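Asks: Listed below, chain by chain, are the residues.
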Amino acid sequence: MNRDRIAIDVQDVVKTYEEGRIHALNGATLQVSEGEFVAITGPSGCGKSTLLHLIGALDRPDSGRIVVNGVDLAHMRDLSHYRSHRVGLVFQLHNLLPTLSASANVQLPMYEAQLSFWERRAKAQRLLEAVGLADRAATPPTKLSGGERQRVAIARALANDPPILLADEPTGNLDSKSGQLVLDLLRRIQRERGVTLVLVTHDAQIASAAERIVRMLDGRVVDAGVAPTKAARLPAEGE
Amino acid sequence: MPFFMLIVRNLLRQRIRSLLTALGISIGITTVVALGVVTHSVKATAAEILRAGGADFAIGQSGSSDLTFSTLTSEQLGEIEAYPGVEHAIGVLMVISPLGSNPYFVQLGIEPADLAHFEVPLLEGRALAAGATDEILLGREASRQLGKGVGDTVELRDRRFTVVGIYRTGNVWEDGGGMLPLATVQEYERKRGLMTLIYVRAKPGIDLAQLTARIEQDHPELATLRTLSDYSDVDQGMQLMDALNLAISFLAVFIGGIGVMNTMVMSVFERTREIGILRAVGWRQRRVLQMVLGESILLCVIGALIGSTLAVIFTRVILIFPVVRSFLALEYTPDVFIRGLAVGVAVALLGALYPAIRAVRLSPIQAIRYE
Ligand SMILES: Nc1ncnc2c1ncn2[C@@H]1O[C@H](COP(=O)(O)OP(=O)(O)OP(=O)(O)O)[C@@H](O)[C@H]1O
Ligand SMILES: [Mg+2]
Numbered sequence: 001m002n003r004d005r006i007a008i009d010v011q012d013v014v015k016t017y018e019e020g021r022i023h024a025l026n027g028a029t030l031q032v033s034e035g036e037f038v039a040i041t042g043p044s045g046c047g048k049s050t051l052l053h054l055i056g057a058l059d060r061p062d063s064g065r066i067v068v069n070g071v072d073l074a075h076m077r078d079l080s081h082y083r084s085h086r087v088g089l090v091f092q093l094h095n096l097l098p099t100l101s102a103s104a105n106v107q108l109p110m111y112e113a114q115l116s117f118w119e120r121r122a123k124a125q126r127l128l129e130a131v132g133l134a135d136r137a138a139t140p141p142t143k144l145s146g147g148e149r150q151r152v153a154i155a156r157a158l159a160n161d162p163p164i165l166l167a168d169e170p171t172g173n174l175d176s177k178s179g180q181l182v183l184d185l186l187r188r189i190q191r192e193r194g195v196t197l198v199l200v201t202h203d204a205q206i207a208s209a210a211e212r213i214v215r216m217l218d219g220r221v222v223d224a225g226v227a228p229t230k231a232a233r234l235p236a237e238g239e
Numbered sequence: 240m241p242f243f244m245l246i247v248r249n250l251l252r253q254r255i256r257s258l259l260t261a262l263g264i265s266i267g268i269t270t271v272v273a274l275g276v277v278t279h280s281v282k283a284t285a286a287e288i289l290r291a292g293g294a295d296f297a298i299g300q301s302g303s304s305d306l307t308f309s310t311l312t313s314e315q316l317g318e319i320e321a322y323p324g325v326e327h328a329i330g331v332l333m334v335i336s337p338l339g340s341n342p343y344f345v346q347l348g349i350e351p352a353d354l355a356h357f358e359v360p361l362l363e364g365r366a367l368a369a370g371a372t373d374e375i376l377l378g379r380e381a382s383r384q385l386g387k388g389v390g391d392t393v394e395l396r397d398r399r400f401t402v403v404g405i406y407r408t409g410n411v412w413e414d415g416g417g418m419l420p421l422a423t424v425q426e427y428e429r430k431r432g433l434m435t436l437i438y439v440r441a442k443p444g445i446d447l448a449q450l451t452a453r454i455e456q457d458h459p460e461l462a463t464l465r466t467l468s469d470y471s472d473v474d475q476g477m478q479l480m481d482a483l484n485l486a487i488s489f490l491a492v493f494i495g496g497i498g499v500m501n502t503m504v505m506s507v508f509e510r511t512r513e514i515g516i517l518r519a520v521g522w523r524q525r526r527v528l529q530m531v532l533g534e535s536i537l538l539c540v541i542g543a544l545i546g547s548t549l550a551v552i553f554t555r556v557i558l559i560f561p562v563v564r565s566f567l568a569l570e571y572t573p574d575v576f577i578r579g580l581a582v583g584v585a586v587a588l589l590g591a592l593y594p595a596i597r598a599v600r601l602s603p604i605q606a607i608r609y610e
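Here the protein sequences come in this chain order: U and F. When we follow the working numbering, the leftmost residue of the first sequence carries the number 1, and every step to the right adds one. When we follow the working numbering, the leftmost residue of the second sequence carries the number 240, and every step to the right adds one.
The set of hints was computed from the structure by calculation and includes no laboratory data. Do not rely on the hints blindly, as some may be mistaken.
Some but not every residue of chain U turned toward chain F, in silico, with C-beta under 10 Å [to be verified]: (1) I22; (2) D78; (3) H81; (4) Y82; (5) V87; (6) L89; (7) S101; (8) A113; (9) Q114; (10) R120; (11) R121; (12) A122; (13) R156; (14) A157; (15) A159; (16) N160.
Label-pair ranges, simulated between beta-carbon atoms [stated by the list, open to error]: (17) F/L528 with U/W118: 48 to 58 Å; (18) U/T139 with F/F243: 20 to 30 Å; (19) U/T139 with F/F242: 45 to 55 Å; (20) U/R65 with F/E509: 49 to 59 Å; (21) U/E18 with F/I596: 17 to 27 Å; (22) U/N173 with F/F243: 50 to 60 Å; (23) F/Y593 with U/E192: 29 to 39 Å; (24) F/V540 with U/N26: 49 to 59 Å; (25) F/Y593 with U/R3: 32 to 42 Å; (26) U/W118 with F/A448: 58 to 68 Å; (27) F/V540 with U/W118: 22 to 32 Å.
A quick note: this is a predicted structure, and the numbers were derived from the prediction, not measured. The beta carbon of each residue, even a glycine, is placed where N, CA and C say it ideally should be.
So that you can see chain F by itself, here it is in the shape it has in the complex:
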C-alpha cells in the first residue's frame, strides 16, 4: 500500500469525525476565500476607474480617507495641464448617491468638451452637448435597471435630465452609473470649482514613472494613481478591507487549528498502541511525524476544497441581488484560492503540532504495554 493510502485509510477509519473536522475547517476558509474574492473584485473595479476614458493615470488628493472625498481645484487642474509631458488633463467630479434600485449610482461630472478626449464607447445616441445642463449619459446597466433609453428623462437630485446617450465601458461602476455635465454636478453637490480626480493622458513617448514622480514631487498634496496598490494607498476603505481579511484569516487559522488539534489528539491517543507497533517494527520518528502531519494536512486540504467551493457558490448567490450586481463584478483570481489553501495548511500544521509531538515521543515500549 502506498504511504499516502495509509494516510487516507487512517482518515477513513473515523469517517464522520474526519468529515466534521473538514467541514469545521471549511467554514473559516469559505469566509477567507469569499471575502478575498469580493475584496479583489472591488479593488479591480476601483483600479479600472483610475484608467477610465483611456487615461494613463489619475490624480487625487493625497491622504484622503476615501477616494470620493478627494478634493481638487481648477487651479490644480490648470497646473497639471501646464506640464510639458501632459497631452491633456480632464477634471472629473465623482459623486455616489442612490438612484432607483441602485444605492451606489455613480455620477461622473465631466466638462462636455472634454468628452472628445475621454473615451466613452457610446452604444446609442450622442455625447453631452456643449453648454447643456440637463443632459445625462447612462451606462448600459443603469439604463436597463431604470428602464430608460435615449430620449427618456431621469430624475436625480430633484432635477430632471434627458438621456442623450447610452455607453458601455465594461466597468460595473461606470456602466451602473451616468455621466453629467461637470458644472451641474458641482452645483447640486455644492462643490463649485472642485473635482475628485484629474485624468491625465501623457504625450506619446513620455516616461509615465518619471512624469508621475515629478508631479508628486512638485505637489506633495497630490497623489498619482496608476495601479491597485496606488489606490489602496489613498483609500482607507480598501485598507480596512485588507486588514479585515487578514484578521479573519488569522481567526480562521486559530479556530480551525483548535478543531484539528482536538481531532488529531483524539486520533493519536486512540492509536497509542498502533503507533507503538509501528515504532517497534522499525518506523522512524520522522515517518510517524509524516503520518500524523499527512493526515492533518489531507484533512485541511479537503476542508480547503470544500471551503473554496462554498465560497464560489456563496459569491455567486449574492449576485442574485441586483443591488450587489450594480457595484460588484466578480473576478476569481488564483491567488485568492491559493490563500485559502495556505490558510488550510497553516491550520493543519498548527493543529497537528501538539499531537504530532505526542506521537513522535511515544516510546515503542510504552505503547506496547499500553492497555
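The following block holds chain U by itself, in its conformation from the complex:
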C-alpha cells in the first residue's frame, strides 16, 4: 500500500437510465488514495449507489473513465476476476444467499480462485473469526441478526483479499449499536489490512469516522472533502 498512489480515479463519469431520461451520474469525478477511508454522503437519489456500482464494475458508465490501480475498467479484459479479486462489495440489503450457511456464503467468491474445498472452508472460517462470527459458520443468514449478516457480508467481501472494499450503506438497516459494531469492523479491516475503503452513508455520525467525507448532489461530487495529506489521515501501523 502506498498512500501517495491513487487507488480509484473516477473522471467525469456520466450514467443515465431509461434512455437518457434519468441522469444518475452527471459528470462525477473522484479520487481515492490507496488505503484511504472515504465516506460518500448526499441526498437520496444523488447517485451514490450508482457510483459505487460502477467502481465495482457491476455496470459500465455511458462516458467518462474509471481507473482502478492504474487500469481503466473500460479496457479490462476480465471483469469477473476484477469483481472477485480486486474489489469487495457490501450492500445495504439482500447481501447473502438465504439458503446457504454463513460459511458457504463467505466461500462464494472463492469458487473463482484456485482453492480446494478444504482451503475454501478454512479460509472462510478465518474470515468469520476476523468478523467475530467464528461460532456461527454453519448458521444460515435467516437465523442471524441484521448486524451479524452484515459482518458475514464483510467477511465475504474479503474472501479473495481484495485491496478495495466498497460498502453501500452497510449500516443503513441496523440499530445504532450494531451499526457502530459494523463500522468499527470496517475501520479495523481498513487499518489492519491496508484496504482502501469507500463507504456510502446517509448517517453523518458514521461518515465522521472516515478520513475524508465526499459530498454528492445531483449526480456530481460537489465536495471532495479535504484532500488526503499525511496530516489528515490516521496513523497506520508501522508508520
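Position chain F with the ligands against the provided structure of chain U, taking the given hints into account.
Replies: Showing chain F with the ligands alone in chain U's frame:
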C-alpha cells in the same frame, strides 16, 4: 462446500417441485427403457432362431415383410445344397398359430431325416421317426404349459399328434413351440413343397462371409441371415419397432424438455437476485451456466434412474402373464439403460437451454436492483 453440493442444495430448496419434475421425466424414460428392453429381447430371441440347430446361418426370401412370410422352394434348397462349401442345408417351414394358452405356438416343420444334422437337445423320448406324419416334439415350456409329456397326444390344427420327445434349446420361441414332420406342416398350411428358412452348416474351414456373399450374388431373391441386423433387414416388424422406439425417444425428450424448462425457468426467475449477487461477487458466466445446467442434468439423471428402475419393475411385472412369458425372454443390456440416460441428458440440455441463457445474460446490476 463443493460446487456439486451447491447444485444439490439448489434442487433441495424446492423438494416437491424437483421431485415432481424428476418423476415427469422418468415417465418418458420408463417408456424408452421398457420398450428398448422388450425390442432388444425379441430381437435377440429372433436372432437365436437364425442359428437354430447349430446352423452357421439361415437363408430367407429377401424383401419379405415378415420372416414368417418368407417362402422358399425345394428347388432353391437343392441349389443351396449343391454349393461346394455347404456341408448340409435343412429346409424348415415355420408356422405360428395358437395352442392352448399360447397364442404364439411356434411350429417348426422339419424333415425327420434332417434331425440327425439339426442339433436338438432332447431331454426325454426320441426324435421324429422317418416317415411319421402324426408325431411331435415339444419344447420343455410348451410341455409344461400344456401338461403333456412323452406318450400324450396333442391336438393341433384339427389333427392329433403323439408327443414322442421333449427338447430344450434355451430359446423361448423354440422351447414354447414344437417340431413336426415337414410334410405334415406343409399339408395343413397348404404350402406343399415350400419352406420358410434354409439352415446351412458350412464345411469346416469355409469362410462364411465369402459363402454368404456368393449365395446372395448368385441368388438376389435370397437373403442370408447371420446376425440381428440381418434379421431386421428382412423383418419389417423389427424395423417398425425400432422406428417406434426412436419416435417415443424423441417424444420423451420433447415432453420431458418442456417440463424441465418450466421448472428451470421458474427456478432461475426466482433466483434473479441471487444470480446477480453471484455475478457481483465475481462468478463468471461460465460458472452460472455450469450451475443451471448442473441442476438440470442432476434433475434428469435422477429422473433417468427412477425411470430405469420403473422400467425394470414394469418389464418384470408383464412376465407374470404366461402368454408374455411364452414369447418374451427378457435380456437387460447396458446399452438400453445408456440410451435411457442419454435421453435424460438430452431432456436436461433441451430444457435448460433457454433458462440458462436467461441466467447467463443477467447483468449483476439488473439483478441487484431487482425487487
Ligand atoms: N436501474 C435503474 N433504472 C432507472 N433509474 C435508476 C436505476 N438505477 C438508479 N436509477 C436512478 O438513478 C438515480 C440515482 O440512483 P442511486 O441509487 O445511485 O441513488 P442513491 O444516491 O444511492 O440514493 P439512495 O441514497 O436513496 O440509495 C435515482 O434517481 C434512481 O432513481
Ligand atoms: Mg443507494
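Asks: With reference to the structure, classify each hint as holding or not holding.
Replies: Hints, verified against the model:
no., hint, in the structure
1, I22, "13 Å, violated"
2, D78, "9 Å, holds"
3, H81, "7 Å, holds"
4, Y82, "8 Å, holds"
5, V87, "9 Å, holds"
6, L89, "6 Å, holds"
7, S101, "8 Å, holds"
8, A113, "9 Å, holds"
9, Q114, "13 Å, violated"
10, R120, "8 Å, holds"
11, R121, "8 Å, holds"
12, A122, "13 Å, violated"
13, R156, "7 Å, holds"
14, A157, "8 Å, holds"
15, A159, "8 Å, holds"
16, N160, "7 Å, holds"
17, F/L528 with U/W118: 48 to 58 Å, "26 Å, violated"
18, U/T139 with F/F243: 20 to 30 Å, "22 Å, holds"
19, U/T139 with F/F242: 45 to 55 Å, "22 Å, violated"
20, U/R65 with F/E509: 49 to 59 Å, "37 Å, violated"
21, U/E18 with F/I596: 17 to 27 Å, "25 Å, holds"
22, U/N173 with F/F243: 50 to 60 Å, "34 Å, violated"
23, F/Y593 with U/E192: 29 to 39 Å, "47 Å, violated"
24, F/V540 with U/N26: 49 to 59 Å, "53 Å, holds"
25, F/Y593 with U/R3: 32 to 42 Å, "51 Å, violated"
26, U/W118 with F/A448: 58 to 68 Å, "59 Å, holds"
27, F/V540 with U/W118: 22 to 32 Å, "27 Å, holds"
The structure fails hints 1, 9, 12, 17, 19, 20, 22, 23, 25 (numbered hints given earlier, in ascending order).
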